[in-house]
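J.: Put chain B on the given structure of chain A with help from the hints.
So the sequences go chain by chain: A and B. Read left to right, the first sequence gives residues -7 to 297 (the numbering used here). Read left to right, the second sequence gives residues 9 to 249 (the numbering used here).
All clues stand as given, with none of them false.
Far from chain A by the CB rule (all over 12 Å, computed), these chain B residues:
#  : residue
1  : 31
2  : 49
3  : 84
4  : 88
5  : 110
6  : 145
7  : 159
8  : 165
9  : 178
10 : 207
11 : 213
Derived lysine-lysine pairs resembling BS3-like cross-links, with alpha carbons at most 25 Å apart:
#  : chain 1 : residue 1 : chain 2 : residue 2
12 : A       : 164       : B       : 192
13 : A       : 261       : B       : 136
14 : B       : 192       : A       : 261
15 : B       : 136       : B       : 192
Derived by calculation from the structure, the hints in this document are not laboratory data. No experiment lies behind these values; they were computed from the predicted model shown. The C-beta atom is built at its ideal place from N, Cα and C for all residues, glycine as well.
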Amino acid sequence: MLILRPHDIRPSDITDEALFWNRRQFLGAAAGALAAAAVSPVPFGSRLPAPGSGDDELTPYEDVTTYNNFYEFGLDKTDPSRNAHTLRTRPWTVSIEGEVHKPQTIAIDDIVRRYAAAERVYRLRCVEGWSMVIPWLGFELHRLLADAEPTSHARFVAFTTLHDPVQMPGQKSGVLDWPYVEGLRLDEALHPLTILATGLYGKPLPNQNGAPLRLVVPWKYGFKSIKSIVRIRLTREQPPTTWNVAAANEYGFYSNVNPDVDHPRWSQKRERRIGELLRRPTLPFNGYGEQVAQLYTGMDLRRHY
Amino acid sequence: MTGRGEGEGGRADRRWAGRIAQAAVVAAALVPAALIVADLLRDNLGANPIEEITHRTGDWTIRLLLGALAVTPVRRLTGWNGIIRFRRTIGLLAFTYASLHFLTWVVLDQGLFLQGDALGYVLEDVAKRPYITVGFTAFVLLVPLAVTSTRGWVRRLGRRWTSLHRVVYVAAALGSLHYLWLVKGEQLTPVWYALVLVVLLSVRLRPPLTASVRRISPPRRVPLPGSAPPAATPVAAPPPP
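Only chain B is shown next, with the shape it has when bound in the complex:
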């Protein structure tokens, strides 16, 4: 299918294929959440279920966030422009896990709404514990991005939408820092995530890629929603490895 000369039916087919692909991405990304629920019901989350839920939702937040940030580099490397339509979906899924992670911490771990003095502990932690401060900030920064992810907001904000959504670089960097700062000892997992993030952010720094991209697909002057111009400097300083 070249898309040339196809009738109404062909366009509808493609729309359906797109929807199915989106649904598949959503379904796949929700499997970890479903597993948490299943394990919870089967009492299969180990001796400290709250900690386990906190860790799993946190892990999937950073993975999906990196996944969303990988969309543009993958698109540039492969020339597969169609991938861009998954970016918002993956980003919203990352936000979903970030919300679950945050709620698990606030309600289940700290006891908000369950224990009278919990709010004080939460506020103290946010103010005094750097890893919580940056994690909380990352979550707060994601909220406006999730809210403005609809077509209506993309239209309303125009060019400012792109600038606003570059905040995701900051959020991802803070999220990565959150993980680096919370572990005990010299643990490698958060370092790997940080390295991936550094790579994903630094490829945005270099314009030379555009040459090859141009060969694959003609440059589009109309910016796609949210696609940062290649020459743009990321707002976020990469975290220390």
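The following block holds chain A by itself, in its conformation from the complex:
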């Protein structure tokens, strides 16, 4: 259910109920139970448009799952798909803590059961200048947060990736400070476009894409969408974020996609959509300005990059 229905999300973009339930079966609960065989297969191969732009084609599954930045498994784009098999995603728990009335530790299977996933086709814009269009399976983060009942002091949400150099051999290197941490302002985290993803292309998340649970914030550069989350902490103060700690002049806390604010070392005006030869213009807020620009009213986005 989308609370917000801007005009550029056409009815055809919204997953219809039959597919919605179908996915739920796929992911979860009664999956084995039933009728799965009787239900017609979801047309995962079909080209679903992304909201905000009519001509976006899905990036092939092969590319989405073999071209990844996940330094916990190596620095080359192909390293995560080769190396992430060492990650054990069951058992897996996520702790929700900090400024909440009901702190809790939830097993991933309970998360999948409790928060039925729907398909969301989002553009993903990497800070490096490339982009993809990915059909995620996920649910709005605000649902999870609401169940933990944030206190009135909660102003930010801090996320933490698993820290285990045995499972994540890249954490033995000093390329970044481990574990990977990210953060959002609470209103960003509650925005209906912000989802926690448990799958893509109708399948459970491959490890290299951040299994078993990752954040997806489509109007921010990809590194904000933290992978393999084990902790979600509500805080009073703005939490540290990994790339900001590594290079504060290059990666701000907000990191909204913005063609008018260059990375100090390269232009952000254009991007290469994976699978395309020519670069295309990068859109403010990655094309989701209609939905999210009001979060930043009155803010100087050059200063708060």
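T.: Frame of chain A, contents of chain B only:
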């Protein structure tokens, strides 16, 4: 074969052996380029082929450049003077990869000749992005060295040829800086290349090596084309590690 008292046939044999060795070096160094083409044709360059081509051609540029700069130190350490004849070949191969790297960036990555506004982006990048500025400068500096690599130019320029070709130290330092400045996070690969470069440049700083070299081979007063005198100070400041 000592080379003493050999006839015309022996000299011709050696010439042929030299040519075959040169051809082998060229062939070996072109294998990475052939692999790029093969992978391109088989659609085996991954999700972002242009980035992959850019990275591979860049990697081989710096490797071959370091290879060319290693010739003189290896010669001094081992006393194997014959190695010097490969230096120009390796240098030109480095320039070949630098050209491929540059063309990949300008045409495939930025879209020059393919997209109307590409030139503006290229010029903006060269002017505004330090890692591109130094990379571009390194490439530009290599052009005159490649042009003047022929025997004719060596003869025409005489002693100035040696001075001119010391520019390769600057080009290599800028190329190394280009790599150091473009990566995200604390990545080690460009640091290793920079360290190798620092070693290769600093051995040129120290004359004491000449003593041992003299024992192995008598000093040659006639400088070989391009061989920097051991006492020469490199033009390039070594990049920060």
